[in-house]
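Throw the hints in and build the complete structure from the sequences for me.
Each chain is listed here by its residues.
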Amino acid sequence: MSAVLTCSGLDAGYVAGRPVLRNLDLSVDAGTVLALLGPNGAGKTTLLLTIAGLQPPLGGHIGLSGAPVRPGSPRAAVKAGLVLVPDDRSLFKGLTVTENLKLASRRGSATTVEKIFDYFPDLSRRAKIAAGSLSGGEQQMLAIGRALMQDPKVLLVDELSMGLAPVIVESLLPVIRRVVDDTGAACVMVEQHVMLALRIADTAMVLAHGDVALRGDARELAADEARIERAYLGRSAKT
Amino acid sequence: MGIFVLFLILGLGSGAVYAALALGLVVTYRSSGVVNLATGAIALYVAYTYAFLRQGELVDPIPGLDPTPGIGTGPLGFWPSFGISIVIAGVLGALLYVLIFRPLRAAPAAAKAVASVGVMLVVEALLATGIGSSAVSVRPIFPYHIYEIFGSRVPGDRLWFAALVIVVSIALGLWFRLTRFGLATRAAAESEKGAFVTGLSPQRIALVNWALSTIIAGIGGVLIAPIVELTPDAYDLFIVAALAAALVGNFSKIGVTVAAALIIGMLQSEATYLESKSWLPSSGLADLVPLIVILLFLVVRGQELPARGAIIQHTLGLAPRPRGYVGPAVVIAGAGFVALAATHGSMRAAIITTLVMAIIALSQVVVTGYSGQISFAQLTIAGVGAFSLTRIQYQLHVPFPFAPLLAAVFAMIVGVVVGLPALRIRGLPVAVTTLALAAVLQNLWFNNPDWNGGLGGSPIKDPSIFGVDLGVGSGHGYPHLSFGVLCLIVLLLAAGGVALVRRSRLGAAMLAVRANERAAAASGISVSGIKLAAFAIGGFLAGLGGAMLAYQQTSANESSFTAIGGLAFFTTAYLAGVTSVSGGINAGIIAAGGIIYTLVNNGVPLWICVLLLGLLLAGIVHQAWPKFTRTSLAVVALAAVAAAILHHGGVQLGSYYAAISAVLLIFTVILNPEGLVGPMQTQLAALREKLRARRSPAQTAAPAAAGAIAAPGGLAAPDRLPAADVLAAAGGLPTADELAAAERPARRSPPDGSARPLLTVSGVGVRYGGVVANEDVSFEVLPGEIVGLIGPNGAGKTTLIDAISGYARATGSVELRGRKLDGLKPYQRSRGGLGRTFQGIELYDDLSVRENVEVGTMAARSARPDGGHPAIGIDAYFKILDLQGVADQPVRQLSVGQRQLVSVARALAGRPAIVLLDEPAAGLDATESRWLGGRLRAIRDAGTTIVMVDHDMGLVLDVCDRIVVLNLGRVVAVGPPAEIERNDEVKRAYLGTTHADVQPRPDQPPQPVQLGGPDSAEVIR
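Heads up: the protein sequence lines correspond to chains U and H, in order.
Following my numbering, the numbering of the first sequence begins with 1 at its first residue and continues without gaps.
Following my numbering, the numbering of the second sequence begins with 1 at its first residue and continues without gaps.
None of these hints come from the bench; they were simulated from the model.
Honestly, I wouldn't trust all of these hints.
Covered stretches of chain H, going by a simulated chain U footprint (3 or more residues, C-beta under 8 Å) [claimed, not checked]:
| no. | stretch |
| --- | --- |
| 1 | 170 to 184 |
| 2 | 483 to 494 |
Using C-beta positions, here's what the derived DEER-type ranges look like [claimed, not checked]:
| no. | chain 1 | residue 1 | chain 2 | residue 2 | range |
| --- | --- | --- | --- | --- | --- |
| 3 | H | Leu-612 | U | Arg-18 | 30 to 38 Å |
| 4 | H | Leu-638 | U | Gly-108 | 50 to 58 Å |
| 5 | H | Phe-181 | U | Ser-109 | 56 to 64 Å |
All C-beta atoms, glycine included, are put in the ideal place defined by N, C-alpha and C.
Have a look at this one:
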């Protein structure tokens, strides 16, 4: 399979000359999930913000199916198909579920609100409720649904599990897998719950202190917790 | 009855224009978060444009050109004039957004308000200078039929106007609700990031909305023009009524806003009629109407502390602690005396004005800079001082120096009254209220011929002490040096007082309230008390300054203390640096009538003008396109040289001073949203840091070098964990046992079950409207326990914490150490020994780690007189929580994990008996979470009982002695971790089929079975 998302030599950060992430190379194939792991401050959220165009990169390139993406422009990123589900969800709290979804719809797109409700049946029951009144799990579903409405080629999910009870996280992650399998989109998922993430991922990468500490097949890594732990502490050799 | 109805209908005219302006306010606020105080001025400009187009001329605001050139077509009819004016209105709105308010996107609300006042001042100044102040008459637009209603003959044009505005508002409402663009507007207003990730363009949305806003305001401006006389200040106070209406509609509800505006207009008209009655004041009643409407609204809607989830932005800039008194005092005294002695005539008068305005500006520093209350009324409160002085001198015959002090006391009382609404609301509504109050003071008191001398002002006697005349003098020898020295002394005393406040506990409490009111209350600070103290001190200072100004002018004049003047004064003070004493003095220097103003007015060489303007433009270029900085600087230099060669002598800015200074104001706000003094102080602080670091390199945190710089990974860095030391010593990976032993101190035996409970929660329930958040929750916490509170999302955990700490109204009872807490406010519970942290962390972003934690010590000091040495106490907490390395860094630079710990430290600094932690592990990764567990045990061992809410099951199961499980607002289980883990109901609802043990950790020894106490897996009543 060909790589859908590629980053080459990417420097990401907020202040010129002081990158949080250095010289990152990354490639994700269509229809696969990359789990992005690592301790706090490693730069995972920064990386997603940079790919989504919300933060201009300090160096390097981002490419989608070979074509370069204009850096630092959220509109260019969304147009190219790079859609982010932010860690704070960033929902429109005063608008209803349906209105939140409708705003994200694209002209000529096959994805309709009904399709989203098909992925998330719980949401269909709350269609006319304001997003601010939903529970945490429902809000996360809506955030993912809103991203799906935009027919993403690359879905970027930042800390899906934040603030959610484990049982809800377990019900949401398979939906991501299903979406990736159905649509052939690629997915980059930042997660704290390592084992849950590795269960649905194809590949995984551990970022620590601005560098890639570990990279490889998800199933192999899942079987070797100690190696991941060492990568978190920044001690293991790179693969 | 007839007259009554007549005046009501007449009031519909002004009500309609208020409605149009209010709609404009709502639209710009919703789309860009800006309260556009210039809306009235823009309406005025459009009205002038229309009026002149009807005469076949175009209004040209560019100074130096013909202000009303003919357009060659002769007088235009209504529709063409109206059409062109509206187009111009839209273009104006778009320009304002692109040039001014888009660059200010991320600036604090106060900066945006300042910029909008700048726009207002520019427009009004350009109109006054270009077109002049003679009234322009406009032919009626609506049909002027007279209708008979309830026996009185009323003009129909008002009815048409009101009807039109209602139609416009309905159209606008439908547009927001039904069209995609309207939906997108509402969305972008809520979350800019959300808009970006949804493919919307917040900038394009804001641009269209601004154009829409000015178009609506313009329509209102044109249609009211035939009804009122068109002069440059005709629409001045429209903005107050419009703001009141928008406030009632919460800056979002269109229908309510329009209704409120129409009602305000009608009631104002009635009030104006009532002014003719002999037993009522003959001016100012109309201005009472918006004020009363606002106050009624506040009584109905306001609440004391911000609700959970509200984002408060109070970034007003650093408020540095004055380092001493003697040094600055000597500098001010020396420089001031020399300046006074070395000058004479108008220049000395300017210096005296500077001194006096500085005193008034210091009141703004205390109220706004230290306490975060945006008050537009400080200048008008100074007027209270001036006008009270008249009464005190002529009716109470109080001599100097008691007279000005007494005047200041009166002003202080008025200041407190002005501040009362701030107890129930915060932010821009406070500002609007102060503006409305200022308008009332201006018209009901200062302008009232019944009470004052009318246009000539009220006379003021000269101050004299022991027969020595200290007055300002007149004719030759004006102004007397002795009067100047008197003002200097008063300024020194005022500045010293303000510095004293900043250095005191009161000052620290004010800064805490400014930064975050909820957290301040949790730290034991009485937020209401602080706000009142701020307004009281501010009122006193303003009154003192006003009295001195009255002495200088030898009369109290309304024109020096107008409400709109207060708006301009606020912007001056803000710009000069409202967060420090030096900023206050700076404000005096740049204020109207002060040193800079007089220098400029006396004729400034052209090349200096060119240079200054050029530098400002170069500054903007540098911000936006850094590549062109050098080129632009070169251009500026060339232009200045050219000007110096070509034009000798000075340029009389004369009447254009107001416009130019307002333009400069806008530029400066865009470049320095936090005021002029702020960035300078940041540089100084950075310099000091560098010097300190060079002197003691050992203190700089080592882990910061690991690469993550904006968020030093102090906590995540491996070198911090004891495991690293073990690793280094052993030369290899630690075994699980070694890790466990190194991290955990010897496990304390669980608390004795027979001890009296520290905290008792009985039958606590919380309802929000129809939703039951908690029902009949009861449990006990023994001293020395760590109790976990878990449950699925929506189970009511944070609500329960809010109920126990007093942030949510609840049924049932909470007892701490046997004493009932019911009915006590949060700060009282805090002082009683109950600490808490917040889910959103809610630290004071402006302050350093140390200052944040110091605020927490308020609770301890207030409760126990033997508070000990708080400084030592704090360092001990820094050690326990491993924050020594970052203790003096500003909090916004820390990583999430570190911020969590600072928040815990702040709660602990109050020496609570028990601390409620709301999701302390949120945002922490596996390693940090484990570290936190160790720290929590250390805290417990040091004597504080802990109740913690969290989702990190690994942490909770590891660290807690007992766990309380909530689901759907009720307690479903209480017991030791082992039992909870096995409990089927808990597992199904919350833990899920796979255990929450999902973080990578080395194999742990099996959990010891918890012994003792009445704790078992059954619901405790």
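Hints versus structure:
1. 170 to 184: holds (count 3)
2. 483 to 494: violated (count 0)
3. H/Leu-612 - U/Arg-18: 30 to 38 Å: Since H/Leu-612 and U/Arg-18 have Cβ atoms about 34 Å apart, the given range 30 to 38 Å holds.
4. H/Leu-638 - U/Gly-108: 50 to 58 Å: Given range 50 to 58 Å: holds, Cβ gap about 55 Å.
5. H/Phe-181 - U/Ser-109: 56 to 64 Å: Given a distance of about 19 Å, which is not inside 56 to 64 Å, the answer is violated.
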